[in-house]
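Protein chains: 2
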Amino acid sequence: MNEPNVSYDVLSPVKFLTRSAFVYPDKLAVVHGEKRYTYKEFAERIYRLANALKNKGIGKGDKVAFICPNIPPMLEAHYAVPMIGAALVSVNIRLASGEVSYIVDHSDAKLVVVDSEFASLVQTNELSKVENYVTVCDVDDTRTLEGMEYEEFLQTGSPEAPDFDIDSEDQLLAINYTSGTTGRPKGVMYHHRGAYLNAIGEVLESGLTASSSYLWTLPMFHCNGWCFTWGVTAVGATHVCLRAVVADDIFRLIDQEDVTHLCAAPTVLIMMSTWPKASEVKMKRTLNIMTAGAPPAPTIISNVEAMGANITHTYGLTEVYGPHSVCAWQPTWEKLSKEEKAIVKSRQGVPFVLTHYMDVVNPVTMEPVARDGQAMGEIVMRGNNVMTGYYKDTESTAEAFAGGWFHSGDLAVMHPDGYVQIMDRKKDIIISGGENISTVEVENVIYGHPDVQEVAVVPVPDDKWGEVVKAFIVPKAGKNPLPEDIINFTKERLARFKAPKYIEFGELPKTATGKIQKFKLREKEWEGKKRIN
Amino acid sequence: MNEPNVSYDVLSPVKFLTRSAFVYPDKLAVVHGEKRYTYKEFAERIYRLANALKNKGIGKGDKVAFICPNIPPMLEAHYAVPMIGAALVSVNIRLASGEVSYIVDHSDAKLVVVDSEFASLVQTNELSKVENYVTVCDVDDTRTLEGMEYEEFLQTGSPEAPDFDIDSEDQLLAINYTSGTTGRPKGVMYHHRGAYLNAIGEVLESGLTASSSYLWTLPMFHCNGWCFTWGVTAVGATHVCLRAVVADDIFRLIDQEDVTHLCAAPTVLIMMSTWPKASEVKMKRTLNIMTAGAPPAPTIISNVEAMGANITHTYGLTEVYGPHSVCAWQPTWEKLSKEEKAIVKSRQGVPFVLTHYMDVVNPVTMEPVARDGQAMGEIVMRGNNVMTGYYKDTESTAEAFAGGWFHSGDLAVMHPDGYVQIMDRKKDIIISGGENISTVEVENVIYGHPDVQEVAVVPVPDDKWGEVVKAFIVPKAGKNPLPEDIINFTKERLARFKAPKYIEFGELPKTATGKIQKFKLREKEWEGKKRIN
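Residue numbers (this note's numbering), protein chains in the order written: chain A, 65 to 597; chain B, 65 to 597.
Keeping only pairs whose Cα atoms sit at most 30 Å apart, straight-line, the calculated BS3-like set for lysine-lysine is: (1) LYS405(A) <-> LYS104(B); (2) LYS91(A) <-> LYS402(B); (3) LYS348(A) <-> LYS399(B); (4) LYS584(A) <-> LYS594(A); (5) LYS490(A) <-> LYS593(A); (6) LYS104(A) <-> LYS399(B); (7) LYS399(A) <-> LYS104(B); (8) LYS528(B) <-> LYS584(B); (9) LYS348(A) <-> LYS399(A); (10) LYS348(A) <-> LYS346(B); (11) LYS348(B) <-> LYS346(A); (12) LYS405(A) <-> LYS348(B); (13) LYS99(B) <-> LYS399(A); (14) LYS405(B) <-> LYS348(A); (15) LYS104(A) <-> LYS405(B); (16) LYS348(B) <-> LYS399(A); (17) LYS399(A) <-> LYS346(A); (18) LYS402(A) <-> LYS91(B); (19) LYS348(B) <-> LYS348(A); (20) LYS402(A) <-> LYS104(B); (21) LYS348(A) <-> LYS402(B); (22) LYS540(B) <-> LYS555(B); (23) LYS346(A) <-> LYS399(B); (24) LYS402(B) <-> LYS104(A); (25) LYS405(A) <-> LYS346(A); (26) LYS341(A) <-> LYS543(A); (27) LYS456(A) <-> LYS584(A); (28) LYS402(A) <-> LYS348(B); (29) LYS540(B) <-> LYS346(B); (30) LYS399(B) <-> LYS99(A).
So these bits of chain A aren't anywhere near chain B, every CB distance computed over 12 Å: (31) SER165; (32) LYS341; (33) GLU344.
Since the hints were derived computationally from the structure, they do not count as laboratory data. Predicted, not measured: the structure shown is a model, and the values here were computed from it. Even for Gly, the Cβ is constructed at its ideal location relative to N, Cα and C.
Please construct the entire structure, taking both the sequences and the accompanying hints into account.
Written out as structure tokens, the structure is:
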């Protein structure tokens, strides 16, 4: 990057900042409550951070951990850290302190930046490699850790752009730890090339432009916010920060900041569609929502679109930098009814223009399954946006890359039109009397019941069938459906063996990124028993 | 490309076809008169062409020349030829046969595909390296050359996708010969990486999506149609072919085919704005026009936008794969008057998100000029979309790349906001009594005169001042302005020494790509005299 070659330039998402600071110095880059930074100010804060980190001895090959919600310092980290050749470790703020310790220590982070609200997650006595702490005082000034406050720390760095220390496209950019439903979190390694291309890919699929305003409902610690941390900056759009995912704030900011785009897990869409004033919402500009993480139920898609939103359903994993496939719209679908549209939209779709490779295969033979919407196989991917591997874990990397493809662990069918539809996580599928039952399929039907807010379906042991279906349900506020209502509702719409035999009402356990932790429900049901799957 | 690596994939624009044929098999890919090909049909024709070429012994490292207007075979060439590892040579159909012979021979093309209308350009006796000819019979069935007809030729190839023979991103993809105002045309070499990234860059800047319809007003032989040959396919939009640039056809197709995008040199915009029925035109959908090639006069911008078009002004050269910079819109410009808007829009602007590097420098010291809108320097560029060099011409390559940048040969200023504005070609600038006069600046003023359709300003010898300004003018139909009208009009708007001393009315000589050939006007004026510039 320092020695110019006329016809070659290292692809790096850090350069998006340079360009937007040059082209749009006075345009609004970041909004956070009352705070507003232009691209010039945003760049200067980033340069200060980069120089301050350099002053602390951070450079090529080092790691810097950030433990923050979606506030400006998190965005700044996405440029300042890789700019000086270091790698960013964005830690999930919803983890327990033991998990945080494991990640910070495993990543070899030398410096940790933590928001004061989450300072208690940092157990300094367990972190022998960390040399410095910086505390962000965003909502309160309490500081329990040694070291400087973030704004103070920025003042120690010059606002001049440092020399970028990026030599090669495959230089390590970030390590993102999987939320890991079982076992230790794994450190997924991203490089500059992958993040650059994936950020551009997200921009293309989402239709972001310089006049867009992007609301940060998706955690930035989740695949670097699906690379939108870089994509929004690339086109010179505005980042609207959101410290906590609260429906009132979401709707207020959509209105106040003219929000045109957001990304969200289906749980956030559920929150939006069940907001008490949801029926009164009419968006001023079309709100483009990109969702992924779990297949959204068709009912939820139609509810949220009724407000003036347009939902694009995508699918991906941490290992592929976030979304990799999109349920690309077909002109022939215009003729479908609203309900039919929601059904086709709930599929995981086809690869992005920039991701290109996805297939559904027999995970042992690697042979593609029939394109019949019936034959189940594992979703596999490859390409520039596939991680380079798990940090310090060659064994897991080799396993994930068996047969020359990345194995997603998701079971799916491929429809005759080439669209992929997830049936289940490999570990979640129910095998009842020899029949495969997709828990997702059963959940989608139950979501259609008017009294249901949220549902998770898991297998429970059964002497006759091996396992049978059980549904855990969160009813809508004020609703008290009976188990047989739900069971009958399902039987009317699915093969009888797919209907739940048991229903339980109550809260659902969730991961830090809002995914329902079916394994917890399952473990409880299978205590002391051995499940073959 | 044949041995999959999980985390790395060669960037190649050929893959856009694979993806669109998979995702949008039944969507309209190409329209040409009554002919309509879906993406599945388009891909099959391309695979047939690729296999037919292979059967003729074409493969890795070979060159194939196409001499065709904007018809389907030209689009097909952009995929079939590079797919099998060969390089495409798209020859300008407006050249003389001697120039065509030089290009075909210099490029080492082994096979030539020519449209029957242009078969007379092919002098087979001068082309010893060519082994096979194929004639496209698009408008007539006359065949003067030996060899097969194009559709017959396609039938000799299998419709199955061949194995792609693309090993590396920097593999040669195309050679595009500059129109060369002086001297022999030079063969500009493009690679797969550059074309992939530039095509994506054009898509981003133009806002192409799957629902777009793109009209081929820009010749595909010109920088591979600014890489839109690949970009339109990338997003699964529709290519609307246009054999000849005729205003009636342009407006008819915009209406019939719901055209949303086109690219055009300013001469095409002039043609559109002076079309007899121009004042009645009201676009159904916004027509996004990307223009470049010469700075469009502000008057023309406002005329065409009045029809419902939105003009994006870009700037580039063959050596940078077409447009490299864009006059990116600033929110603060909303407040400007229509005329002021047209003026800011006529600047060449800032680098694309994906091109990134452009500067205005002293071409000797390579020092950037002051950002004051006054200091003139040369526009230089570098990055992934800069050619790898001139084919078989290391000397010209070294000269063009002096100092680690590509030298455009365009003289410009940089405004305080970082926007570049071309003042002139290095060779066109007028030096009168020691003062630099930008011919473009003078032309822009004269374009504001109500009787002027087209104008070109050149220096003519003058005993006192060394050189002075002369304007060659094409008046609007039915208008007969007097020379002094024009001279006074200019003096009221510019420094007196910049006003033309002489005016001549009549036609203007143009290059094959529609650029006015000022050097021809200049040569006539300077016959027998020596110009220092």
